[in-house]
Amino acid sequence: MTDVPYGTLDLMILRVLDSLGPLHGFGLARRIEQIAAGTLTLSQGTVYPALARLETNGWIASEWGASESNRRARFYSITRAGRKHLASELAGWRRSVALVNQLLKETS
Amino acid sequence: MTPWWRRIVAVLRRPQLDARLEEEISAHAGMLASEYESRGLSPGEARARARRDLGNATSIVEEHRDARGLPGLDALLQDLAYGLRTLRKDRAFTAAAIIVLALGAGANAAIYTLARATLFRPFPFPRADRLLTVWERDTIRGIAERNPSPAAYRDWLAEPGPFKQLAAYFNAAPTLTGDGEPERLAGQFVTTNFFETLGMRPQAGRWIEAGDARVAMVSHSFWQRMGGRADVVGRKLTLDGETHTVIGVMPDGMRALSAADVWIPITFGAEEWKLRDNFITVIGRLKDGVTLGSARSRMSAISAHLRAQPAYTGIDITLTPMTAHAVRTSRTTMLALLTTVVLLLAASCASVANLVLARTAAREAEIRVRRAIGASPGRIARQLITEGILLTALGTLAGLLLAAALKPALARLLPADLASPADLRLDLEVILAIAAAGAISGALLSAAPALQALHGEDGQLRAHGRNVIGGLRAALTSVQVALGLTTLIVAAFLGQTLLRLTQVDLGLRPGGILTMRLDLSPARFSNPAERARFHDALTMRLRALPGVEAAAMVTFLPLTDPGRVGFSVEGRPEMADQARLPFGRLWVVTPDYFRAMGINIVSGRTFDDRDRGQSSTPVVVVNRQLAERFWPNGDATRGRIKRGPSSGEGTWSQVIGVVGDVRGTGLDQPFEPEIYMVDRQYRGFFVPRDLVVRVGNADSAALAPAIKREVWSVDSSVPISRVRSFGDVVDANLVPSRFRALLVGSFALAAVALAAAGIYGVVAFSVARRSREIGLRIALGAQRASLVRQFVAQSLRVALPGLAVGTAAAFILLMLLQKLLFGVRPGNAAIYAICAAFLAVLVVIAALIPARRAAAVNPARVLRLD
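Sequence order for the protein chains is A and B.
Just so you know, we're using numbering that gives the first Met the number 0 here: the first sequence kicks off at 0 and counts up by one.
Just so you know, we're using numbering that gives the first Met the number 0 here: the second sequence kicks off at 0 and counts up by one.
The set of hints was computed from the structure by calculation and includes no laboratory data.
All the pointers check out, no bait thrown in.
A few chain B residues that face chain A, going by a derived Cβ cut-off under 8 Å, partial list only:
id, residue
1, Arg6
2, Leu20
3, Glu23
4, Ile24
5, His27
6, Gly29
7, Met30
8, Leu31
9, Ser33
10, Leu53
11, Gly54
12, Ile59
13, Glu62
14, Ala66
Treat the numbers as computed from the prediction; the structure is a model and nothing was measured.
Every residue, glycine too, gets a C-beta built ideally from N, C-alpha and C.
All chains should be modelled from the sequences, with the hints used to inform the complete structure.
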């Protein structure tokens, strides 16, 4: 399995939470698996350190809640600061992609 | 909440956050397992797969911690916990290291406070660098610094000088009467701008102002003696018979300049301001922006201008910064002190380095294992350094506690001229300095093992490295032995000095004598007849007290450095010249003095009723030294002596008796010629003020109040001070030597202990390292006894250079410190030999203990451990 660079995993989590709303760790891991299916395999546990990092930086918040099967689970949601961070990061990525596309066009 | 704040909180809440993660992960696992079960797997398989999917639990938790907290802090806390555990496991090492470090840090702290109290007294006046003392320099008589006169002060004030303020003061000793016993105070008469010049505001009340009369400012300590309450302002004090009102209290900082209890405004009339007697001290505060150099040239110009007046012929004006007076030294004692402490510190550093090196070798295995399971060299080094700092922190803390505990003892032993006990403060400054020193030495001490962790191949000490470390240890131990021997020898010499001092022949019988200082005011008692009346009445009353054998008065007590006078002997023509007169000590005494002090009469008689009358022949008693010097034939009682040159004005006095020599100045000073005059016949400055009462075996403490009562019943205004036995006077003379001997002695003890510990360490290390070799040799038939001998011999080989160097170093030190010795010379070989032998025996014992373990090695077990 390949390790996911921290930055990308963080963005994926933020994106997922942004579009799907509050999720618990299991749900989040599942969703990311679906998104990244084929391109990489992720051991589900790695989502937790990433969540910790995001929470320390204030981009997500967490609280206890009840899962579908009425289990006690911790739910994570994106904050306003997180949304801002996500937007600027994605913008950055788009710029990088455009630049690389330009390069590719030139060299081919 | 910033990320940093969240991280700190996360570290503090580690257990809760770990628990929460645990819960989350098991919930996650549960949900995953349920899913697998719904897909058809058995519950057991489902759970197993779920766990696998989640990944390595330990690394998840670790990464979670790193992500949410402060990895650095985490590592530090981990290191500290690990360090504490390791230290606790190896108790012997930890205890030894902490004791050694405590000794070093404690000595450091003690000396720092001592040095601060003696070498530098804080000068608490605002902008103290602008304060100067103004002196006269007499170029004609060759006097470099002389007190100016009131007239000179006035003339200086009139000139345009570089000073913002110029003030003057002189010392006095007013008698305080009123409730309680009459008391002599230390006082200063000051100009009204004195305090303003210093810039120190009163802590209560106000300064003296122009126009104040019959007022007084009191010092902080005197205020406390008055009760230390706020109502002191306005109270009345009767000084020299006049009532003064207290208007203010000066803070304790005034002690830096003067030990006065009271300050009173100068009340000179016009006539007194014209006095040309040199007894006042002038201080000034420079105007802003004026440098010392330009102030000096300004004063030169002024003195040149003043030299036009005949009173100032050849007089210059000099300026000295007042802060120069802040340094107070008793240089030789401090030198001895500092040298010993440097030696002790060196010894303790060597010891700890030794111990640490020993541990390094022992921890080889542990470091190897840690490297093997993936710890980075940096991590290991960090942990070792943390451990080193932890160890020194504990040692430093123990040392500071030790210093604090010993401070009262140190203060009690302190000679009064070195520092006052109040100045010995173990405050924040000291603590920070010692802590800093501790931190640095901690980092340095762990450098060796840390470096080894970084550079060793797989954490393994190569053979070469081992030899280097072994050699280093041996060298360090030699150093320890040398230091131990040096301090031991110096301590032995100082101890011998003290012993000799206590054995000095005083020339009198010091036991059972009570002394008191009666401050008879010169005004009342400059008339011999008046004095005689007082003495007669007092002696009669005192003799009536039960237990009193004899009572007398004298100008100075023996051992308190009385003054010397030039004298001439009849029949010696050269003694007409003042410049060629011999000098002797002058004692003015009442007739019973010799009996009270227990001084032997060698020939002739001492003073009695024949010498009472107004017209009786002037008589003197001399001591043996004087008699033998000038009348070697033994006919001293036929000679006559005069104060001053034989051609001078004094009267010739008949020598009526010769008494034994007495130590007048100090225990270590030789006998000198002495002249005794009877009080009744003496006219002059020196008034007998010290009362000596021989009480024999009676309880002197009980008699003292009775004696005081008798004094006051004769004259109730006489202040009585310095009530002590003559034994106390002798003891006071011993204080400096005792202090030095005890201090150096305790350091020596510590240094010797360290040296012994060092030897023990070296031999123990050697035995442990060579246990296989020993086992082999025993198995091959070597005698255990000869093995023990070999190790002991090894220790002696290590110690011998140390003993040699230590002896040489001690000799050099003693030559430098010769002034401190008495009754023993630096070349006294016996002391060196005894100390060296003692230390050698100690070394052998310290080596025997681990060496005997070598003999007890079980070859089978040791050889199997390959």
